[in-house]
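Visitor: Based on the sequences and whatever the hints tell you, model everything.
Chain order of the listed sequences is A and B.
Under this note's numbering, the first residue of the first sequence carries the number 1, and numbering increases by one thereafter.
Under this note's numbering, the first residue of the second sequence carries the number 1, and numbering increases by one thereafter.
Wrong hints could be hidden among the right ones.
Cβ pair distances, simulated, as ranges [what the hints assert, rightly or not]:
| hint | chain 1 | residue 1 | chain 2 | residue 2 | range |
| --- | --- | --- | --- | --- | --- |
| 1 | A | Ser7 | B | Glu79 | 32 to 42 Å |
| 2 | A | Gly72 | B | Gln45 | 24 to 34 Å |
| 3 | B | Asn3 | A | Thr113 | 37 to 47 Å |
| 4 | B | Asp17 | A | Asn52 | 45 to 55 Å |
| 5 | B | Leu46 | A | Ser7 | 20 to 30 Å |
| 6 | A | Gly40 | B | Pro113 | 18 to 28 Å |
None of these hints come from the bench; they were simulated from the model.
Backbone N, C-alpha and C define an ideal beta-carbon position, used for all residues, glycine too.
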Amino acid sequence: EAGVAQSPRYKIIEKRQSVAFWCNPISGHATLYWYQQILGQGPKLLIQFQNNGVVDDSQLPKDRFSAERLKGVDSTLKIQPAKLEDSAVYLCASSLSGRGNTEAFFGQGTRLTVV
Amino acid sequence: GENVEQHPSTLSVQEGDSAVIKCTYSDSASNYFPWYKQELGKRPQLIIDIRSNVGEKKDQRIAVTLNKTAKHFSLHITETQPEDSAVYFCAASRANQGGKLIFGQGTELSVKP
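Guide: As structure tokens, this is what we get:
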């Protein structure tokens with residue numbers, strides 16, 4: 001089966017610019033996650049969608065980050081304006097059910113460098 | 001808030017030796033504990049998971065043990081091979097949080113031939 005697709009793979013922007021990432025989850029997966037992985041650390045959840053509704057965005061810096069999942073399929077994550085500390089890999093993951101205890105499949109990630 | 005601590009941060013073993021990575025979690029309601037392997041520049045991939053109704057699970061050279069009372073779980077890799085070299089992450093979640101995974105900090109495993 002096709003995996004989780006993300007684009008772009010790499011992005012370099014200057015601080016205060018804006019950037020957007022795109023994710024296409026595995027077909028039929030109801031739950032979609034965006035994680036931020038800073039170099040040398042474990043992934044940290046930014047936002048979780050169940051279909052097109054937000055389940056958890058408690059860790060999302062809402063003053064600069066936004067995310068949407070239109071029609072309960074693809075999702076975009078936006079940062080505006082970017083800061084140096086936003087440099088990280090942004091991982092999208094999806095799972096069949098949001099009831100927990102089911103495998104989360106990860107995309108390749110988007111490596112963001114803010115200079 | 002919820003927290004998962006993982007040790008050691010780096011681990012170097014000789015090929016054929018065993019490797020053990022340990023994690024502790026803070027949320028006593030956690031009931032699902034997956035382990036992910038992440039090779040350099042690649043996506044994390046699930047290698048094994050365990051649910052709270054089981055104390056141990058094995059899959060060929062990989063095993064995971066869970067001690068709910070102590071709130072810790074461990075990954076055991078036997079007969080290590082160079083291709084086992086990667087960063088390993090433990091994670092914990094509970095069903096009523098919609099499967100939100102809380103990850104440990106990662107362990108960089110190096111298997112020397």
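Visitor: Is 37 to 47 Å a correct range for the gap between the Cβ atoms of Asn3 of chain B and Thr113 of chain A?
Guide: Distance hint for Asn3 of chain B, Thr113 of chain A is violated at roughly 28 Å.
Visitor: Quick one: are Gly40 of chain A and Pro113 of chain B within 18 to 28 Å, going by C-beta?
Guide: holds (25 Å)
Visitor: Within 45 to 55 Å or not, the Cβ separation of Asp17 of chain B and Asn52 of chain A?
Guide: holds (49 Å)
Visitor: May I ask you to test the hint 32 to 42 Å on the CB atoms belonging to Ser7 of chain A and Glu79 of chain B?
Guide: holds (39 Å)
Visitor: Is the distance from the Cβ of Leu46 of chain B to the Cβ of Ser7 of chain A consistent with 20 to 30 Å?
Guide: holds (23 Å)
Visitor: Evaluate the given range 24 to 34 Å for the C-beta pair formed by Gly72 of chain A and Gln45 of chain B.
Guide: Cβ of Gly72 of chain A to Cβ of Gln45 of chain B: about 25 Å, so the range 24 to 34 Å holds.
The structure does not agree with numbered hint 3 stated previously, though it agrees with all others.
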